[in-house]
Each structure stands twice: as structure tokens, then as C-alpha cells.
Amino acid sequence: MHDLTILVPGAPRYAPGAALPRTRFVPGRHPHPRRDPAGSLHGRPPHAPGLPPSRWRDDASYLLGIDLYHLGYLWESHEALEACWFAAEEPVHRDLLQSLIQLAAAELQRHRGLGAGVRTLATRLSMRLGRVADALGGDAELCGLRVPELRDACRRRFAGALAPGGDPLRTPGLAVQLHLMCAGDPPCSRSG
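Just so you know, we're using our numbering here: the sequence shown kicks off at 399 and counts up by one.
Any given hint could turn out to be false.
To be verified - Here are the in silico distance ranges between beta carbons for each label pair:
1) G563 / G415: 40 to 50 Å
2) P447 / P414: 14 to 24 Å
3) S452 / R568: 32 to 42 Å
4) D456 / R568: 35 to 45 Å
5) M579 / A514: 30 to 40 Å
No lab work stands behind these hints, which were simulated from the structure alone. Remember, predicted model here, so these are calculated numbers, not experimental data. Ideal Cβ positions, reconstructed from N, Cα and C, are used throughout, including at glycine.
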């Protein structure tokens, strides 16, 4: 196991003004970010509650959660997206957010070499994204994400974990990039 690094090099920053934690938390290797006084987020305010899916462009916690994922702050991404999930009311919105949380958690388990955790999370992630895609129908977008494309990218990334007898730690290719779409256009960037 090595230190976490940027997961998706070159990904746009969607919350460019947001401060990043001092370190990337890996359970068992670093002090807990919030509970331990030496933690990278100790004393910082919690993330703002999420907004309805129609307001995703204004949702600071959502946009930061995606940035944190791309930058390899996987536990921190999970925490930011969880603030959105707790506030979400629509079942399909909750399922999408839970999928993104599971994606970050699966990557963190992969980094830690915990194949059983990768397999469990990848299976749940695949099923949940399939459910979201079915609920939305077609080439649907939710919160700026094209869900069928995201589902397929996650299935490719975790093919080893999803295949019977496959190696859950074998994750071919690059990590899944979360392309936020602006009104059906190519991926948008708030970083300029």
C-alpha cells in the first residue's frame, strides 16, 4: 500500500475555491480527520447539507465531494457526499448519491488491499446505478451525471470484483471520472 495520490489527473475542479484537507485520510494509517485533534479536519465545520437535484450546480458539498474524489481524498469525498445524501428526499437522488459514496469507498478499499470490501461495494454500486438508470430511463442525466455512462464505467472499472471468481483488486484502466454535464453539453468546468 502506498500513499493516496490524485485519482483522476486533469479532472476539472468544480469547487475551485474550496480548501482541501492537509492529508488524505486512510483508516488505520492516519488520525481520524474529525475526532482526533491531530486530524486534518478537526475543528472545521461540517459540510453544508445537500440541495435538491435541480440545484446541483449550487450544491457546495456535492461539487466538493466530486473534486475530493478526483483528487484522491476518498474518505473526505464520502463525507461530503454523505451530507448531500442525508438531506436528499427523492429516492432516485438518494440512490445516485449513495452510488457515488460507494464508488469512493470501493476505491479506498482497493487502495487498502481489501478485496472483500471492494467486491461488496462494487456489487452494491453496480446494482444501485442500474436501478437509477432504470428509474430515469434512456440517456438520462441526474445532478449533471449521465447515469448509464457512469454505470458502465463503474462496471468496467470493477469488472474483476463483479465477475464470479474474479480478482476484486484488479481494476483495469483509469479510475472513473465523474463528468458533470451542463445542460446536455460536453463536461463543464467551474475552474475555467
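- Mind listing which of the numbered hints don't hold for this structure, in increasing order? none
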